[in-house]
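Novice: Sequence:
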Amino acid sequence: MAIANSQILNGLDPDQLAVVTAIRGPVCVIAGAGTGKTRVITNRIAYAINSGVTDPTKVLALTFTARAAGEMRARLRNLGVPNVAARTFHSAALKQLLYFWPYSFGGQFPTLLTTKSGFISQAIERAEIAIPAQAASLREIASEIEWAKVLEISPDNYQAEAIAASRSIRLPNNKSEAENLEIIAKVYEAYESLKRQERTLDFEDVLLLTVGMLEEDRGVRERVRDQYRYFTVDEYQDVSPLQQRLLNLWLGNREEICVVGDAAQTIYSFAGATSNFLLSFKNRFPNAQTFRLSTGYRSTPEIINTANQILRSANLVSDHGSELSSANSHGDKPLINGFNSTGDEIAYVVSQVTKHINSGVDSSDIAILARTNAQLDQIKSALNNSKIPSQVRSGERFFDRVDVRDAMRVIRSASVLPPEGGDWYEDLLSVLRPFGEADYVQGFLRLAKEIKEGSTDLDLIENIAASDSGHSSNSNNSRSTSMRTFLRELEDRAEQNNPPVLPGVTLATLHSAKGLEWKQLFLIGVADGLLPMSNSNDLNEERRLFYVGVTRAKENIQITYAGKPSSFLADLIN
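The working numbering applies: residue 471 is where the sequence shown begins, and numbers increase by one.
Among the hints, a few may not be true.
[Stated by the list, open to error] EDC-like mimics (lysine to aspartate or glutamate), calculated; alpha carbons at most 20 Å apart, straight line:
| no. | residue 1 | residue 2 |
| --- | --- | --- |
| 1 | K656 | E622 |
| 2 | K825 | D814 |
| 3 | K989 | D802 |
| 4 | K656 | E692 |
| 5 | K665 | E595 |
| 6 | K656 | E668 |
| 7 | K565 | E692 |
| 8 | K665 | E598 |
| 9 | K919 | E541 |
Since the hints were made in silico from the structure, they are not lab data.
Values in this document were obtained by computation on a predicted structure and should not be read as measured data.
Kindly generate the complete structure, drawing on both the sequences and the hints.
Specialist: Right, dumping it as structure tokens:
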């Protein structure tokens, strides 16, 4: 069911309105943290479709995380345009590669790796290199391989290119950095050889092969360009050269593209991302319209002033756009506390979390952010000892768990034959009851509650589903349609690896917290040697990471450190 343009434009501020109504490309939007960019992106797409500029099936909206893509799809459904493709770069490329594989490559599609750790362990053995197969070491090597592949650097050229790029590598072997770079080159070569032997692809291969397919096969290229004619790219500051190359192939010589980003939130340079494409967009498209969103709707003025100061202290504001201003009421000033030891710091944070929860704050509204996974392990142990539930945001695939798959099967059955009586939410409670109070059940129920309470327009989706299937909306059918709607949301999230929010305090590294927000935030370990990291070659990137961490807070933030405070705190403490 279409929504009127007046509803799409309702409630937008003047800057947002200017972007939403600029429905012909090229368009570049510099959007600061918490300025409502996801709303602007989706409303602009809906407004363009309503205005007849494009068809929903011709739109491709791209972003960098499954969660962000899922949020865009949900918002677009609410706006009456449920058929828009909103995907990550990898997901969009994989879909095309799978479809055209028989035509361009022939044979069965290879196995897709969801994690590199196992193959890297085998590659280390194959290369006869004595490195303990520790999780941290495997992550370090995987990151280097990913960096090399998105920059299209071969194993033969890796060492020279890594030295030129001042890559800093730590492995548990007491070797020099130059020796470690040579080791990684050998592991990289063995890893690629092993993948070829096992007919296996990783996610970087998906991008590389899609680029190659589109460059070499004119017929495929023309079909893809005919399919997608209207592009939106979120988080454009995070695009890598390989992703930009793919985007160029999708776009061709056309100019119907809107890019949205914030150079102040460029925190993935170590992985090959660069804000250069965002900052030079006007050079490629001289007639592009440029807009800035600088009114923050997430955080209090006190939090935003602190964030502005982080950039201002290193003269990064002029490079990254204008400072933010807050549209919210004033709140508490951010607290900065130092401690003699990490143990004292952690004990304090746990006591403060306990205080918040005892005062009625939902644990899922609280987050603790840190620079490294090792710090999160320490804080999680302390929370466990205090019997405070917590969830670490990590690469664990929620929907691959056996217990989750079992619950999905039950929900799938109930969507066909719902229990008698009650509404669909009560039906869901009854089918999940046998699974007890497991954390994943709470995740299902939280998602269902979001739908039921209106963050997803269930009535709209049900009307679409009913009209598509030719059913009327009588009460019994309404219950089953609602369960089917909920199942579709779950299956969509499973496909995109975008799990429901689980109960408990969130623990996350600063990198994995990107794009998220919490009412109560603790940013720990802002100490010399941790933030910035002692081995970092890019202090400005570390400062931007600190900025991203602070701008995750909505109402309250506490910054803590043990020992010597970070140099980043100098201007905030004084």
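Novice: Would you mind marking each hint as holding or not holding in the structure?
Specialist: Okay, the hints, checked on the actual structure:
| no. | hint | in the structure |
| --- | --- | --- |
| 1 | K656 - E622 | holds, 17 Å |
| 2 | K825 - D814 | holds, 17 Å |
| 3 | K989 - D802 | holds, 12 Å |
| 4 | K656 - E692 | violated, 39 Å |
| 5 | K665 - E595 | holds, 14 Å |
| 6 | K656 - E668 | holds, 18 Å |
| 7 | K565 - E692 | holds, 16 Å |
| 8 | K665 - E598 | holds, 17 Å |
| 9 | K919 - E541 | holds, 16 Å |
The structure does not agree with numbered hint 4 stated previously, though it agrees with all others.
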